[in-house]
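> The chain contents come next:
Protein chains: 2
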Amino acid sequence: MEQATQQKDSNVIYIGKKSTMGYVLAVVTQFNGGAKEVYIKARGKLISHAVDVAEIVRNRFLPDVKVGNILTKTEELDSEDGTKSKVSAIEIKLVK
Amino acid sequence: MEQATQQKDSNVIYIGKKSTMGYVLAVVTQFNGGAKEVYIKARGKLISHAVDVAEIVRNRFLPDVKVGNILTKTEELDSEDGTKSKVSAIEIKLVK
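These protein sequences, in sequence, are chains R and Z. In terms of my numbering, the first sequence opens at residue 1 and continues consecutively. In terms of my numbering, the second sequence opens at residue 1 and continues consecutively.
In isolation and in its complexed conformation, chain R is listed as follows (with noise of 0.2 angstroms):
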C-alpha cells in the first residue's frame, strides 16, 4: 500500500529517541497550530513508539482526532560497511 501521500514537511512528525511525550507534544501543536492533518512516521522498533503517540494524542489531548490511514512499507538502509539491510517503516495519518 505504498501511495501517493499529499503532505506538507511541516505536518510530518518523525519518531527518533526523544521521549514519547515529546513527540506527542509536537502533534498536539500542529494542530493547534491549524493543520488539518499530521503524519507520524517511524522505522524499526520505533514504530511501537508511533503507535503510542497517535494513541496519546486521540485519547489524553486531542479526542476530536481520528487515525486515517495507516501504511507500512519496507526501506532499504546503506549500513556503514556498504551492505544493505531492510527495515520496516509506519506512517500514521492523524486527521482532525
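Treat the hints as calculated values from the structure; they're not laboratory data. Please note that the accuracy of each hint is not assured.
For identical chains, the list gives no copy identity; a pair is met inside one copy or between any two copies.
[Said to hold, decoys possible] In the DSS-like style, the derived pairs of lysine-lysine whose C-alpha atoms are separated by at most 27 angstroms in a straight line are:
no., residue 1, residue 2
1, K36, K84
2, K84, K96
3, K66, K93
4, K17, K73
5, K36, K17
6, K66, K84
7, K66, K86
8, K18, K96
9, K66, K17
10, K36, K18
Take the given structure of chain R and dock chain Z to it, following the hints.
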C-alpha cells in the same frame, strides 16, 4: 478506530516472543490452508514485530497478499500489584 471486525480465532496470529520468521510461517500457513484474510495482532514493543511479519510475508513469500485495514487501540492491563497500566495495540489485516 475500534471497529468490529469479523475474525475466526484460527486466522488471528498473536505476536509473542517467538522469532519473527516463526510468525511469518504461521501467516503463510494460514493463507496456504485457504484463509482469505489473516489478522496479525500485537501489543507494546511487539508492534514493530507485527509490521515486520506483514512486510516479510508480502515481500518475500506471498506477493499477492495486500495489507488491508490497520487498526490501533489502547488496552488496559492489570499489573501484578493491582494497578492498571495502558498499552498500545495494533491489528494488521492481510488479505489475499
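> Which numbered hints does this structure break?
Those not satisfied are hints 1, 2.
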